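Following the hints, complete the assembly by docking chain B onto the known chain A.
2 protein chains.
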Amino acid sequence: MSDIKKPTILLSNDDGIHAKGINSIIPLLREYGNLIVVAPEQGQSAQSHAITIKEPLFLKKIHEEEGLTKYVCSGTSVDCVKMALNNILSEKPDYVVSGINHGTNAAISVIYSGTMAAAIEAHIHGIPSIGFSVVDYSEDADFTASVHFARIILDQLIPSRESGFCFNVNVPKGSIDSIHGIKVGRQARSSWVESFEKRTNPAKKDYYWLTGHFINFEPDAVDTDDWALRNGYVSIVPVQADFTAHHQVTEYKHLETKVLNHSSK
Amino acid sequence: MSDIKKPTILLSNDDGIHAKGINSIIPLLREYGNLIVVAPEQGQSAQSHAITIKEPLFLKKIHEEEGLTKYVCSGTSVDCVKMALNNILSEKPDYVVSGINHGTNAAISVIYSGTMAAAIEAHIHGIPSIGFSVVDYSEDADFTASVHFARIILDQLIPSRESGFCFNVNVPKGSIDSIHGIKVGRQARSSWVESFEKRTNPAKKDYYWLTGHFINFEPDAVDTDDWALRNGYVSIVPVQADFTAHHQVTEYKHLETKVLNHSSK
Chain A
6 MSDIKKPTIL LSNDDGIHAK GINSIIPLLR EYGNLIVVAP EQGQSAQSHA
56 ITIKEPLFLK KIHEEEGLTK YVCSGTSVDC VKMALNNILS EKPDYVVSGI
106 NHGTNAAISV IYSGTMAAAI EAHIHGIPSI GFSVVDYSED ADFTASVHFA
156 RIILDQLIPS RESGFCFNVN VPKGSIDSIH GIKVGRQARS SWVESFEKRT
206 NPAKKDYYWL TGHFINFEPD AVDTDDWALR NGYVSIVPVQ ADFTAHHQVT
256 EYKHLETKVL NHSSK
Chain B
6 MSDIKKPTIL LSNDDGIHAK GINSIIPLLR EYGNLIVVAP EQGQSAQSHA
56 ITIKEPLFLK KIHEEEGLTK YVCSGTSVDC VKMALNNILS EKPDYVVSGI
106 NHGTNAAISV IYSGTMAAAI EAHIHGIPSI GFSVVDYSED ADFTASVHFA
156 RIILDQLIPS RESGFCFNVN VPKGSIDSIH GIKVGRQARS SWVESFEKRT
206 NPAKKDYYWL TGHFINFEPD AVDTDDWALR NGYVSIVPVQ ADFTAHHQVT
256 EYKHLETKVL NHSSK
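Note that the protein sequences, when read in sequence, are chains A and B. Its first residue numbered 6, the first sequence is counted upward by one per residue in our numbering. Its first residue numbered 6, the second sequence is counted upward by one per residue in our numbering.
The shape of chain A in the complex, shown without the other chains:
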């Protein structure tokens, strides 16, 4: 691949510019093209698709060398993508990659994830995108297997200039050899059930820390991301940004007719 034809890849995450996960995937992505990193200055985990509208945003270039430029942004993961598209890049990047996230973004966790929000924001703008996460929340998580499988997946997408996808990729915790392969499936129906921890501060005021545990409503569904991860597979879920419950649009059409009657009341 000649330099002229190298794709431009934008990389973001939600754990922040200093996280081990994002820095683990930089060398791999540089093999595929020119890499622009725009990541949050501070962790933005669980900030979902939030954007910053009440405060100004700051952007700072912190590193520049042939094929790699890094910026930090004061905002959320979605702010990073928007800033890159508007204030850094002269044209849309060929791909947006997000992660590697410290912790799973499979099943319902996708809705809370800033990492996946960055990928989905790119998708809304028509840019093929992919978010990577490993099922390990620790700051010092091992990203060896994640990078290994990221290469396998990206090898099938970038050299052939595949487009039109937005993938939520989750990698089990463990060594490369402990992982059985890849499953392409769907988001498991699930929820996080909270169990706030109530404490009292020195001024005798109660406060709460949000904690919770994950519930899969369909643990035996073999076509889901959570099943894949629990059974030692990398999970790929193609995602989209349409919230419509299409099967219900017809079901609730009667709400229209009822209303047409009201004007004659």
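Rather than coming from a laboratory, the hints here were simulated on the basis of the structure. Quick caveat: nothing in here was measured; it's all calculated off a predicted structure. Treat each hint with caution, since some may be false.
One copy or two, it doesn't matter: identical chains are merged, so the pair holds either way.
Stated by the list, open to error - With a Cα cut of at most 35 Å, we get these calculated DSBU-like pairs of lysine-lysine:
id : residue 1 : residue 2
1  : 97        : 59
2  : 65        : 203
3  : 25        : 59
4  : 75        : 210
5  : 97        : 209
6  : 178       : 258
7  : 75        : 25
8  : 25        : 11
9  : 97        : 210
10 : 209       : 10
Chain B only, in chain A's frame:
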């Protein structure tokens, strides 16, 4: 309806407890049941499905009378719902209502909206829910038509104990008479295109304010929410929390087989 059988309704929003929108719908919702309001202390617009995990949450009861209790929460709209379910209510509420939001949450705006995130969070927990928004961002927006149509919609849902829905309801700006009726449809394919406003602070540091304009990729699609609103109809979109692009799961199955080959490399 006897008092004993009155449903419990949880109300939240993203404009905060003092917004005109949430206070406009309280009298209406009290007609249907016992109302618990748990709303953010400060505005949480565009905070999407963000949850607060790096800071503790505070919750304060600020009002109590027969059939109406109000709390403020220091967190996001989704935090409010989680707090209500875990630390206020002894059992799940019968309905969760969110809004009335100052500004549209139709089309792609649903993904940024804290108001809709509160409704969707309820839906994830199996609680029927509905978010109301009016296409008017002003603090002093007129909610007369919104409340009028909210009544028409809720009259068809709550007395008959309808369940299984999560609705994104948007009401055009204007008087009741200027609105032609209700359309049940789908989310329009669309995006917000940003145009950051760059400024320089007194310390000569550049900063950016996020602004943007809305683009509908299918302006003539009559079955979409944006079409309904532009043509003087209230829009109802049934929503869900599944991000899977189901039509692509089969399309990308080949990523599985390619990987199975890798182990023999």
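(message) Output the indices of the hints that this structure fails to meet, ascending.
(response) Number 10 - this is the single hint that the structure violates.
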